[in-house]
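*Asks:* Protein chains in written order, with this note's numbering: chain A, 1 to 93; chain B, 94 to 186.
Be a bit skeptical, because a hint or two may be false.
[Stated by the list, open to error] Taking CB as the label site, the calculated pair distances span: (1) A/D57 with B/P129: 27 to 35 Å; (2) B/D162 with A/N77: 17 to 25 Å; (3) B/D161 with A/Y53: 18 to 26 Å; (4) A/P81 with B/P174: 34 to 42 Å; (5) B/N152 with A/Q58: 31 to 39 Å; (6) B/P129 with A/P36: 34 to 42 Å; (7) A/E66 with B/N170: 17 to 25 Å; (8) B/A153 with A/E45: 19 to 27 Å.
In short, the hints are calculated from the structure, not lab data. Glycine included, each C-beta is placed from N, C-alpha and C at the ideal position.
Protein chains: 2
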Amino acid sequence: MSLLDYFRVSRRNSAAIAKERLQILVAHERAERSKPSYLPMMQKELLEVVQKYVNVDQNAITINVEQDDRHEILELNILLPEDQLQPRKAGRG
Amino acid sequence: MSLLDYFRVSRRNSAAIAKERLQILVAHERAERSKPSYLPMMQKELLEVVQKYVNVDQNAITINVEQDDRHEILELNILLPEDQLQPRKAGRG
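Could you put the whole structure together from the sequences, leaning on the hints where they help?
*Replies:* Below, the structure written as structure tokens:
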């Protein structure tokens with residue numbers, strides 16, 4: 001299964017709503033578990049990068065962390081405001 | 094299927110190698126296709142953030158982009174060098 005398949009399947013319900021959405025995943029696959037995680041710190045800086053490109057409402061961010069023995073996954077879901085979706089009148093074709 | 098499941102399944106083969114790996118995915122779910130993508134620009138800055146936390150060899154980065162009508166997915170796979178994995182002698186128990 002490709003990643004694209006994953007997003008197609010898992011986001012199928014939201015497709016009908018036609019919202020603009022940005023999802024950032026940081027998956028750290030570790031050789032050992034005991035080391036401290038830097039993902040929480042990295043999370044803040046990654047969001048700062050995103051905010052340079054899109055106008056993000058802090059309330060529109062959902063953060064999820066999953067982990068097991070070997071993986072730590074940070075998931076940032078950002079629902080983008082509609083007012084910046086400025087549809088391009090000049091279509092492509 | 095959870096994201097953690099996705100990574101467990103898709104990375105099963107690499108588990109035996111016990112490498113440290115960081116994967117960053119940026120998935121943009123768009124309401125319309127015609128708008129320009131900012132993911133290529135964002136990619137560079139996201140990598141700069143990562144490099145503050147881990148020592149990344151440019152040759153150890155694999156970049157993949159997938160897209161369909163509604164999704165654009167940027168995937169950065171970073172194999173972390175073993176010399177920074179400093180195993181902690183003092184185990185957790």
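*Asks:* Does each hint fit the structure? Answer for all of them.
*Replies:* We went through each hint and held it up to the structure:
1. A/D57 with B/P129: 27 to 35 Å: violated (22 Å)
2. B/D162 with A/N77: 17 to 25 Å: With Cβ atoms ~20 Å apart, the hint holds.
3. B/D161 with A/Y53: 18 to 26 Å: For B/D161 and A/Y53 the Cβ distance comes to about 21 Å; the hint holds.
4. A/P81 with B/P174: 34 to 42 Å: holds (40 Å)
5. B/N152 with A/Q58: 31 to 39 Å: holds (37 Å)
6. B/P129 with A/P36: 34 to 42 Å: For A/P36 against B/P129, whose Cβ atoms are near 39 Å apart, the range 34 to 42 Å holds.
7. A/E66 with B/N170: 17 to 25 Å: holds (19 Å)
8. B/A153 with A/E45: 19 to 27 Å: The hinted range 19 to 27 Å holds for B/A153 and A/E45, with Cβ atoms some 20 Å apart.
Hint violations for this structure: number 1 only, all remaining hints satisfied.
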